[in-house]
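A.B. asks: Numbered by my numbering, the letters in the sequence shown go through residues 1 to 523 in order.
Incorrect hints may have been included.
As the list claims (entries may be wrong) - Using 25 Å as the maximum straight-line C-alpha spacing, the simulated DMTMM-like pairs for lysine to aspartate or glutamate come out as follows: (1) Lys433 <-> Glu461; (2) Lys475 <-> Asp416; (3) Lys520 <-> Glu68; (4) Lys432 <-> Asp416; (5) Lys421 <-> Glu460; (6) Lys403 <-> Asp376; (7) Lys367 <-> Glu461; (8) Lys214 <-> Asp238; (9) Lys391 <-> Asp266; (10) Lys421 <-> Asp482; (11) Lys262 <-> Glu340; (12) Lys475 <-> Asp510; (13) Lys433 <-> Asp462; (14) Lys421 <-> Asp457; (15) Lys432 <-> Asp185; (16) Lys136 <-> Asp185; (17) Lys432 <-> Asp457; (18) Lys391 <-> Glu412; (19) Lys437 <-> Glu134; (20) Lys520 <-> Asp266; (21) Lys395 <-> Asp457; (22) Lys437 <-> Asp416; (23) Lys433 <-> Glu412; (24) Lys478 <-> Asp416; (25) Lys391 <-> Asp457; (26) Lys403 <-> Glu461.
To be verified - Distance windows between CB atoms, simulated: (27) Val257 <-> Gln217: 21 to 31 Å; (28) Arg398 <-> Pro55: 49 to 59 Å; (29) His513 <-> Val123: 23 to 33 Å; (30) Glu103 <-> Asn225: 26 to 36 Å; (31) Pro55 <-> Asn225: 19 to 29 Å; (32) Asn441 <-> His512: 44 to 54 Å; (33) Tyr506 <-> Lys83: 57 to 67 Å; (34) Met341 <-> Thr213: 27 to 37 Å; (35) Pro66 <-> Gly471: 43 to 53 Å; (36) Val123 <-> Gly471: 43 to 53 Å; (37) Val123 <-> Thr192: 21 to 31 Å; (38) Glu68 <-> Gly389: 36 to 46 Å; (39) Gln417 <-> Ala115: 47 to 57 Å; (40) Met341 <-> Ala115: 15 to 25 Å.
These aren't lab readings, by the way, just hints derived from the structure by calculation. Heads up, the beta-carbon is just placed ideally off N, CA and C, and yes, glycines get one too.
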Amino acid sequence: MDGIVSDVAVGVKRGSDELLSSSLYSSPSSGMSNIVTANGNDSKKLRVEDRMDCPPSRVLHIRKLPNEVSETEVIALGLPFGKVTNILTLKGKNQAFLELGTEEAAMTMINYYTAVTPHVRNVPVFIQYSNHKELKTDSAGNQRAQAVLQAVSAVQAGGTPTSGTAASESALTPAPSPVLRIIIDNMFYPVTLDVLQQIFSKFGTVMKIITFTKNNQFQALLQFNDPVNAQQAKLALDGQNIYNACCTLRIDFSKLVNLNVKYNNDKSRDYTRPELPAGDGQPAVDPSVAAAFNKDSSSLLGALSPLSAAAAAAAAAGRVALSGHSGTSGVLLVSNLNEEMVTPQSLFTLFGVYGDAQRVKILYNKKDSALIQMADGNQAQLAMSHLNGQKMYGKIIRVTLSKHQTVQLPREGLDDQGLTKDFTNSPLHRFKKPGSKNFQNIFPPSATLHLSNIPQDITEEDLRVLFSNSGGTVKAFKFFQDHKMALLQMSTVEEAIQALIDLHNYNMGDNHHLRVSFSKSTI
Numbered sequence: 001m002d003g004i005v006s007d008v009a010v011g012v013k014r015g016s017d018e019l020l021s022s023s024l025y026s027s028p029s030s031g032m033s034n035i036v037t038a039n040g041n042d043s044k045k046l047r048v049e050d051r052m053d054c055p056p057s058r059v060l061h062i063r064k065l066p067n068e069v070s071e072t073e074v075i076a077l078g079l080p081f082g083k084v085t086n087i088l089t090l091k092g093k094n095q096a097f098l099e100l101g102t103e104e105a106a107m108t109m110i111n112y113y114t115a116v117t118p119h120v121r122n123v124p125v126f127i128q129y130s131n132h133k134e135l136k137t138d139s140a141g142n143q144r145a146q147a148v149l150q151a152v153s154a155v156q157a158g159g160t161p162t163s164g165t166a167a168s169e170s171a172l173t174p175a176p177s178p179v180l181r182i183i184i185d186n187m188f189y190p191v192t193l194d195v196l197q198q199i200f201s202k203f204g205t206v207m208k209i210i211t212f213t214k215n216n217q218f219q220a221l222l223q224f225n226d227p228v229n230a231q232q233a234k235l236a237l238d239g240q241n242i243y244n245a246c247c248t249l250r251i252d253f254s255k256l257v258n259l260n261v262k263y264n265n266d267k268s269r270d271y272t273r274p275e276l277p278a279g280d281g282q283p284a285v286d287p288s289v290a291a292a293f294n295k296d297s298s299s300l301l302g303a304l305s306p307l308s309a310a311a312a313a314a315a316a317a318g319r320v321a322l323s324g325h326s327g328t329s330g331v332l333l334v335s336n337l338n339e340e341m342v343t344p345q346s347l348f349t350l351f352g353v354y355g356d357a358q359r360v361k362i363l364y365n366k367k368d369s370a371l372i373q374m375a376d377g378n379q380a381q382l383a384m385s386h387l388n389g390q391k392m393y394g395k396i397i398r399v400t401l402s403k404h405q406t407v408q409l410p411r412e413g414l415d416d417q418g419l420t421k422d423f424t425n426s427p428l429h430r431f432k433k434p435g436s437k438n439f440q441n442i443f444p445p446s447a448t449l450h451l452s453n454i455p456q457d458i459t460e461e462d463l464r465v466l467f468s469n470s471g472g473t474v475k476a477f478k479f480f481q482d483h484k485m486a487l488l489q490m491s492t493v494e495e496a497i498q499a500l501i502d503l504h505n506y507n508m509g510d511n512h513h514l515r516v517s518f519s520k521s522t523i
């Protein structure tokens, strides 16, 4: 049963459910005028004023849901507003009924979604009061939904699901510390301090968070006010994904029992002391948010009204380069390039670490800028978050999303001096195969490189010489046991980027093409 808690709290591994999906909340719109009556008849449209005349009920009718929607996604619509007490999904009709704990919570939810059109999986859905005053569900036919709900209510009540699993038994042993150490694996999308606060505050008062990078991995220390809350969060969230199929949480108890936070900024936060300075030129916490933290509350969501709570969830989601945004263009604009050195091939190789670059165009009239078309918006976001601000050929490059939807190839017979290249059919794409292990090995640019496909007769000295020739200094080297793979450390990240551009796919003889990627390890 503990698995189900984490499904609800974070995002089901199997589907495309995401805890902080910006698709749940959308910009203000008058879309609620499309709400229709509970009998599902589209022709009987209700104006907003008519909907207000419907007697409020704690049961809400949700229509126009996308196919294959999960109970978790429907429950997520209601969670910011209060306790969800029952759910019934009508799969064939793309509809669901959601019962909230109180009529007041349901009214807050309806009022909020009047201004902000609710979305599930980027599809607008319609919500209105139901004719039913409560939901009576056949427990046998609605078993999975009930299991998910039981898990949610256990988590919201600060307990663990009632079942004889090892997880719930281990909950009985006293928790060693209120401080958790969190490591994030497969960090395809940036995870911010706010996102962690958003996730962990469902289990109790988060008092302090410190984030840092160690061994090229994003880590955090997070302190609850009570070790029991820390234990519940660890049980529910360890091993779960923040976003679909990536950003996996690895959680342990820290040896520390109290965190000393000096600054409130993007890297560290003490929610009990909103007056702390920002330090290091980091943006300080917004005063209105500081005021909310100052109130005695069980979490950020509790500190704000339920209406602002949904907005806070959306804000936390909006600060992150999120997946699941099919509307996002897959085209990147890269600027401040070294125009003497850069080529379409070098951009293809570097950006190819984070996605399958399809087309690259260096701009004819502005040769320090280029357009790169990735396979999809997710890969574009990923490349942008990892490469913006990195040094390539001695210059700090800027990477942003382009307004272009595609990169145009030059007209037939037109010579564009080799500035545009189509890589659609390149054999060098790392992510073409679904489920490829390359998806698990995406890391930020680092001084340490991972080498693979090394021929048996190649020595450490051969590789040291090869990588020194790319214009850098090899600081350390280590073969893996089978000698087909190795770690090689350059003296700077910039040198490692240069070596990867020059030597990924380098022919070592006998058709052995060296594969180079960034590593999270250090030697």
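A.B. asks: Now tell me, hint by hint, if it's right for this structure.
C.D. replies: Tested hints:
Pair hint Lys433 plus Glu461 does not hold up; C-alpha atoms about 34 Å apart against a cutoff of 25 Å. A distance of roughly 41 Å separates the Cα atoms of Lys475 and Asp416; the hinted pair therefore is violated under the 25 Å criterion. In summary, the hint linking Lys520 to Glu68 is not supported, as the alpha carbons are separated by about 36 Å, beyond the 25 Å threshold. Using a Cα cut-off of 25 Å, the hinted pair Lys432 and Asp416 is violated, with the two alpha carbons roughly 28 Å apart.
Between Lys421 and Glu460, the direct Cα distance comes to roughly 35 Å. Violation of the 25 Å bound is thereby established for this hinted pair. For the given pair, Lys403 sits about 14 Å from Asp376 by alpha-carbon distance, which is consistent with the 25 Å threshold. Under the criterion of a C-alpha separation no larger than 25 Å, the hint pairing Lys367 with Glu461 is inconsistent with the structure, at around 38 Å. About 19 Å separates the Cα atoms of Lys214 and Asp238, which keeps this hinted pair within 25 Å; it holds.
Distance restraint check for Lys391 and Asp266: the Cα-Cα separation of roughly 23 Å lies within the 25 Å cut-off, and the hinted pair is therefore satisfied. For the hint linking Lys421 to Asp482, the alpha-carbon distance of about 37 Å lies beyond 25 Å, and the restraint is violated. A distance of roughly 45 Å separates the Cα atoms of Lys262 and Glu340; the hinted pair therefore is violated under the 25 Å criterion. Between Lys475 and Asp510, the direct Cα distance comes to roughly 28 Å. Violation of the 25 Å bound is thereby established for this hinted pair.
Only pairs whose Cα atoms come within 25 Å are accepted, and Lys433 paired with Asp462 is rejected, the gap being roughly 32 Å. Restraint check: the Cα-Cα separation between Lys421 and Asp457 comes to about 35 Å, which exceeds 25 Å; the hinted pair is violated. Simply put, Lys432 and Asp185 have alpha-carbon atoms about 21 Å apart, close enough for the 25 Å limit, and the pair holds. Only pairs whose Cα atoms come within 25 Å are accepted, and Lys136 paired with Asp185 is rejected, the gap being roughly 42 Å.
Between Lys432 and Asp457 the alpha-carbon distance is near 30 Å, which puts this suggested pair outside the 25 Å criterion. Restraint check for Lys391 and Glu412: the C-alpha separation of about 35 Å exceeds 25 Å, so the hint is violated. With a C-alpha separation of about 48 Å, the suggested pair Lys437 and Glu134 falls outside the 25 Å cut-off, and the hint is violated. Distance check on the hinted pair: Lys520 and Asp266 sit about 22 Å apart at the alpha-carbon level, within 25 Å; holds.
Simply put, Lys395 and Asp457 have alpha-carbon atoms about 37 Å apart, too far for the 25 Å limit, and the pair is violated. With a C-alpha separation of about 37 Å, the suggested pairing of Lys437 with Asp416 is violated against the 25 Å cut-off. For the suggested pair Lys433 and Glu412, the alpha carbons sit about 31 Å apart, so the restraint of at most 25 Å is broken. Note on Lys478 and Asp416: the hinted pairing is violated, with a Cα-Cα distance of about 44 Å set against a maximum of 25 Å.
Proximity of Lys391 to Asp457 is assessed by CA-CA distance (about 34 Å); at most 25 Å being required, the pair is judged violated. Among the hinted pairs, Lys403 with Glu461 is inconsistent with the structure: their alpha-carbon atoms are about 47 Å apart, more than 25 Å. The supplied range of 21 to 31 Å is met by Val257 and Gln217, whose beta-carbon atoms lie about 24 Å from each other. Hint check: Arg398 to Pro55, Cβ distance near 55 Å, so the stated range 49 to 59 Å holds.
At roughly 43 Å, the beta-carbon separation of His513 and Val123 lies outside the given 23 to 33 Å, and the hint is violated. Separated by about 31 Å at the C-beta atoms, Glu103 and Asn225 satisfy the suggested range of 26 to 36 Å. For the hinted restraint 19 to 29 Å between Pro55 and Asn225, the CB-CB distance of approximately 41 Å leaves it violated. Checked against the given bound of 44 to 54 Å, the beta carbons of Asn441 and His512, roughly 20 Å apart, lie outside it.
At roughly 59 Å, the beta-carbon separation of Tyr506 and Lys83 lies within the given 57 to 67 Å, and the hint holds. Checking the proposed 27 to 37 Å range against Met341 and Thr213 shows it holds: the Cβ atoms sit about 29 Å from each other. The hinted range of 43 to 53 Å is satisfied by Pro66 and Gly471, whose Cβ atoms lie roughly 51 Å apart. Take Val123 and Gly471: their Cβ atoms lie about 51 Å apart, and the range 43 to 53 Å holds.
A C-beta distance of roughly 26 Å is found between Val123 and Thr192, which places it inside the suggested range of 21 to 31 Å. The hint said 36 to 46 Å for the Cβ distance between Glu68 and Gly389, and at roughly 39 Å that hint holds. Separated by about 52 Å at the C-beta atoms, Gln417 and Ala115 satisfy the suggested range of 47 to 57 Å. Under the hint 15 to 25 Å, the C-beta atoms of Met341 and Ala115, about 51 Å apart, miss the expected range.
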